[in-house]
Amino acid sequence: MGKEEEVFNRLVEKGVSRRDFMKFSTLMAATLGLAPAMVPEIAKAVAAKPRTPVIWLHMAECTGCSEAFLRSTYPWADDIILDVLSVEYHETIMAAAGQQAEENLHTAMATYKGKYILVVEGAIPTKNEGRYGMVGGKTMLQIVKEVAADAAAVVCIGTCSAFGGVQAAKPNPTEAKSVSEVLGKPTLNISGCPPNPVNFVATVVHFLLLGKLPDLDDKGRPLFAYGQSIHDNCPRRAHYEDGNFVKVFGDEGTMKGWCLFEVGCKGPNTFNNCSLVQFNDGISWPIGAGHPCIGCSEPNFWDDQAPFYVAK
Amino acid sequence: MGNRITIDPIPRIEGHLRIEVEVENGKVKNAWSSGMLFRGLELILKGRDPRDAPLITQRSCGVCTYVHQEASVRCIEDAVKVKMPKNAQILRNLTMAAQHIHDHPVHFYHLHALDWVDIVSALKADPKKTADLANAASNAPGQGSKDFAAVKERVKAFVESGQLGPFANAYWGHPAYKLPPEANLMAVKHYLDALRNQVKAAQLHAIFGAKNPHLQTAVAGGVTCGNYLNADRISQYLFMLREQIAFIENVYIPDVLAVAPFYLDWAKVGGCTNFLAFGEFPIGDQLWQPRGWIKGKELKALPVDPTKITEDVKHGWYKDSPPAHPYQGVTDPLDGITLDKNGQLESEGKYTFLKAPRYEGASCEVGPLARTLVSYVAGHKETKDVVDLVLKTLKVGPEALFSTLGRTAGRAINCLVIAKQAEKWCLDLIENIKGGDAKSYEAWQFPAGEAEGMGLADVPRGALGHWIRMKDGKIDNYQQVVPSTWNLGPRDEKGVLGPVEEALIGTPIADPKKPLEVLRTVHSFDPCIACAVHVIDPQTNEVHKVRAL
Chain U
1 MGKEEEVFNR
11 LVEKGVSRRD
21 FMKFSTLMAA
31 TLGLAPAMVP
41 EIAKAVAAKP
51 RTPVIWLHMA
61 ECTGCSEAFL
71 RSTYPWADDI
81 ILDVLSVEYH
91 ETIMAAAGQQ
101 AEENLHTAMA
111 TYKGKYILVV
121 EGAIPTKNEG
131 RYGMVGGKTM
141 LQIVKEVAAD
151 AAAVVCIGTC
161 SAFGGVQAAK
171 PNPTEAKSVS
181 EVLGKPTLNI
191 SGCPPNPVNF
201 VATVVHFLLL
211 GKLPDLDDKG
221 RPLFAYGQSI
231 HDNCPRRAHY
241 EDGNFVKVFG
251 DEGTMKGWCL
261 FEVGCKGPNT
271 FNNCSLVQFN
281 DGISWPIGAG
291 HPCIGCSEPN
301 FWDDQAPFYV
311 AK
Chain S
1 MGNRITIDPI
11 PRIEGHLRIE
21 VEVENGKVKN
31 AWSSGMLFRG
41 LELILKGRDP
51 RDAPLITQRS
61 CGVCTYVHQE
71 ASVRCIEDAV
81 KVKMPKNAQI
91 LRNLTMAAQH
101 IHDHPVHFYH
111 LHALDWVDIV
121 SALKADPKKT
131 ADLANAASNA
141 PGQGSKDFAA
151 VKERVKAFVE
161 SGQLGPFANA
171 YWGHPAYKLP
181 PEANLMAVKH
191 YLDALRNQVK
201 AAQLHAIFGA
211 KNPHLQTAVA
221 GGVTCGNYLN
231 ADRISQYLFM
241 LREQIAFIEN
251 VYIPDVLAVA
261 PFYLDWAKVG
271 GCTNFLAFGE
281 FPIGDQLWQP
291 RGWIKGKELK
301 ALPVDPTKIT
311 EDVKHGWYKD
321 SPPAHPYQGV
331 TDPLDGITLD
341 KNGQLESEGK
351 YTFLKAPRYE
361 GASCEVGPLA
371 RTLVSYVAGH
381 KETKDVVDLV
391 LKTLKVGPEA
401 LFSTLGRTAG
411 RAINCLVIAK
421 QAEKWCLDLI
431 ENIKGGDAKS
441 YEAWQFPAGE
451 AEGMGLADVP
461 RGALGHWIRM
471 KDGKIDNYQQ
481 VVPSTWNLGP
491 RDEKGVLGPV
501 EEALIGTPIA
511 DPKKPLEVLR
521 TVHSFDPCIA
531 CAVHVIDPQT
541 NEVHKVRAL
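If you read the sequences in order, they're chains U and S.
Taking the working numbering, I'd label the letters of the first sequence as residues 1 to 312.
Taking the working numbering, I'd label the letters of the second sequence as residues 1 to 549.
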């Protein structure tokens, strides 16, 4: 039995139909910009054993990125957690507490030295030697450096770990920094506040499939997702060209779905694939709900793109 | 001096929490709750456009992700004196309702269940008997013996892989786990089902919210999504809501009722004395769930005056100042966390980034139990009916609600009551649109000079307040007093313990190396620490007039 068939059979046992499975593989291939021939390869990659170990650290953050990850469909979060990855440490979902949780972290670091993917959620407070954030008696600054030292790859999920995020907005009271600034080396950045889980999962699949990270832009973001602006692919783009703008929320333009540029939309300055994949399995996205894009996948957007309801 | 146990990190919560307890003769004698992260969002808000505050404060928490946006929008609306149109009020209520519908089952299954459910024991279960148990408990579909056998196989394969991931090194086999293997297997299946279901609940949230987490739809004056006031979107909400109601009625509530009889001891421990609820779901100028507070476990709801809220910093890493109303608080963060030479917190001194909020000087529990109790004693019919049914089924009196188990049951009750009401609001929205009302936003201007406003809400984790002062269209001062600060805050200057500290006293501990029982009570509060930690700035002006929605 071929490997992909084996995976497929496993999924069928869990109630996943062939249609669902193909939807996942096709979505991943489309998101990554791969040829349709690669679809079976994706099936092989997610069946790899042992499952790829992941250590997920929570730093100065709000857990919105973990929550976003849990919204993943095709594969669903339970598939990823139980069948694709081995999530060795993740404070929001793990059963172990306190000392036992710390043991799990250290065991994973030793057992999978040089082989684990480190996912970081949140920025790193650095003021006063990092004493604005501690876990298990160590500062976040110490922890991220220790865990990153032996990681195969460091993936920053969300704008906070990628670029500093909200706590790093002026006047940055805790001198919060991005992981890359703290480590002094580049990281792979899945920015967004929070990012679309599709982009995180597609990056993981790329890594499992090809054994390397995807091509990145100059800000460390995968080009397959962040290569074009929101504006480039916006379904309201024609209204921009025609000069049809929402002037005040609730007006005629709101009801007709006109362009939000004049109420502050930052789509032209924002690189992400929101207009193509939307959120929550395509239910909606900010511009679809008549709200201007706030530019949340760009560095320093809390300062540079604000005020959010004013055209810039 | 008892045996000191530190649990850091506390997992399965939002944020960074450390709990220390002192155990003597097998029971918790003293407890300290510490928030271990400071981000300083209020300092960041200063000088910004007030309209950006709902987006910034929302980043307090990505779990209860809509609630700060809503409270923030309310405080701005209060300050600039704008009243949103009816359609916007209903859409915002539906969005808040979806927050509850998502949050409470996720808490029960993914953050709390593993304190009560032993996954390893599930491997000994008989799938057929499990199916019998499940079918006796509810009408949920997909509860055949083959379904349970498949889950058992999946767990077995996972365990045999040797890569236990998030389930490694937990307290499996602990004597405080009381469920038989079949109940454990049923719960493990529902843990997985609920993981899928929460994706759909988040989709419900995104229908009018644009996305989840971190919605973008509510703005002072109404909502941005006037284009969604159509049959297509509303029916999508209604039908997805019905799926969620089915899950709550057929899985969540039956599971609470099936598990509770094995843990009735926990209806006697973990309780608090005072409860505060701000009330929620504005309908016109009224609140659907009542505002009130309960003093000394007396089954009577007292009126709430928001000017009686104070915060105390005696045990927080802030410069000392007397307890004060949020508008008069004078607070400066110190240089960060301080530990003694053994790496321990200075439990007699400052030990947390959380402050100690008090109402009339009383330490109050907030959250679903407070909401359920206040509604129950105020005679809120929808709540009372479900509470009475639950109490009757478990054969206990209302006093059982003042406990860890009561808190967990109160959350489920609250979830069901809100979800069913949301269906009615959906129908109200349809009627309103049919009548020709298409308005979704009321335009407004910043007043010249100074303006102040308060936004109160009662959100999944409890009473939430935002206070804004603006000057010439810029934020001059902004404060949040959030649910987890009420619940997880420290002692005050009089030595009165915070609610979770109070609740932990007397908790039995079978094995100090595996303090499972502590996790049960701490998790029953559904701590959400990122938003609980904040700083309040020096300010001089008092608020004279506040309107709360």
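Worth flagging that the hints you see were computed from the coordinates, not collected in a lab.
A hint or two may mislead.
What the hints assert, rightly or not - Only pairs whose alpha carbons sit at most 27 Å apart, straight line, appear in this in silico BS3-like list of lysine-lysine: (1) S/Lys471 / U/Lys247; (2) S/Lys474 / S/Lys46; (3) U/Lys145 / S/Lys424; (4) S/Lys83 / U/Lys256; (5) U/Lys170 / S/Lys46; (6) U/Lys312 / S/Lys314; (7) S/Lys86 / S/Lys341; (8) U/Lys138 / S/Lys341; (9) S/Lys86 / U/Lys256; (10) U/Lys127 / S/Lys314; (11) S/Lys474 / U/Lys138; (12) U/Lys247 / S/Lys86; (13) U/Lys247 / S/Lys439; (14) S/Lys200 / S/Lys420; (15) S/Lys83 / U/Lys247.
Unchecked claim - The following label-pair restraints were derived from C-beta to C-beta distances: (16) U/His106 / S/Pro512: 44 to 52 Å; (17) S/Lys46 / U/Val248: 22 to 30 Å; (18) U/Asp150 / S/Lys29: 37 to 45 Å; (19) U/Pro235 / S/Arg4: 53 to 61 Å; (20) U/Lys219 / S/Asp472: 30 to 38 Å; (21) U/Asp303 / S/Val82: 48 to 56 Å; (22) U/Asp304 / S/Pro180: 52 to 60 Å; (23) S/Gln286 / U/Pro186: 26 to 34 Å; (24) U/Gly114 / S/Glu153: 29 to 37 Å; (25) U/Pro171 / S/Asp285: 36 to 44 Å; (26) U/Ala153 / S/Asp388: 31 to 39 Å; (27) S/Glu399 / U/Glu103: 55 to 63 Å; (28) U/Asp303 / S/Glu243: 49 to 57 Å.
Computed from a predicted structure; not experimentally measured.
Think of the CB as a built atom: it goes at the ideal place given N, C-alpha and C, for glycine as much as any other residue.
Checked hints:
1. S/Lys471 / U/Lys247: Answer holds: S/Lys471 to U/Lys247 is near 25 Å, not above 27 Å.
2. S/Lys474 / S/Lys46: holds, 8 Å
3. U/Lys145 / S/Lys424: At roughly 52 Å apart (the allowed maximum being 27 Å), S/Lys424 and U/Lys145 break the hint.
4. S/Lys83 / U/Lys256: holds, 24 Å
5. U/Lys170 / S/Lys46: holds, 9 Å
6. U/Lys312 / S/Lys314: violated, 45 Å
7. S/Lys86 / S/Lys341: It is violated: about 59 Å lies between the C-alpha atoms, which goes past 27 Å.
8. U/Lys138 / S/Lys341: Judged against 27 Å, a Cα distance of about 13 Å means the pair holds.
9. S/Lys86 / U/Lys256: holds, 20 Å
10. U/Lys127 / S/Lys314: holds, 23 Å
11. S/Lys474 / U/Lys138: Not OK: S/Lys474 and U/Lys138 at ~38 Å, beyond 27 Å, violated.
12. U/Lys247 / S/Lys86: OK: U/Lys247 and S/Lys86 at ~21 Å, within 27 Å.
13. U/Lys247 / S/Lys439: This hinted pair holds, its Cα atoms lying about 15 Å apart.
14. S/Lys200 / S/Lys420: Holds, at about 17 Å.
15. S/Lys83 / U/Lys247: holds, 20 Å
16. U/His106 / S/Pro512: 44 to 52 Å: Cβ of U/His106 to Cβ of S/Pro512: about 21 Å, so the range 44 to 52 Å is violated.
17. S/Lys46 / U/Val248: 22 to 30 Å: At roughly 27 Å between Cβ atoms, U/Val248 and S/Lys46 fall inside 22 to 30 Å, so the hint holds.
18. U/Asp150 / S/Lys29: 37 to 45 Å: holds, 41 Å
19. U/Pro235 / S/Arg4: 53 to 61 Å: holds, 60 Å
20. U/Lys219 / S/Asp472: 30 to 38 Å: holds, 36 Å
21. U/Asp303 / S/Val82: 48 to 56 Å: violated, 27 Å
22. U/Asp304 / S/Pro180: 52 to 60 Å: 58 Å Cβ-Cβ, so the 52 to 60 Å window holds.
23. S/Gln286 / U/Pro186: 26 to 34 Å: Distance hint for S/Gln286, U/Pro186 is violated at roughly 55 Å.
24. U/Gly114 / S/Glu153: 29 to 37 Å: holds, 33 Å
25. U/Pro171 / S/Asp285: 36 to 44 Å: holds, 39 Å
26. U/Ala153 / S/Asp388: 31 to 39 Å: About 55 Å separates the Cβ atoms of U/Ala153 and S/Asp388, which means 31 to 39 Å is violated.
27. S/Glu399 / U/Glu103: 55 to 63 Å: violated, 40 Å
28. U/Asp303 / S/Glu243: 49 to 57 Å: violated, 41 Å
Hint compliance for this structure: hints 3, 6, 7, 11, 16, 21, 23, 26, 27 and 28 are not met, and every other hint is.
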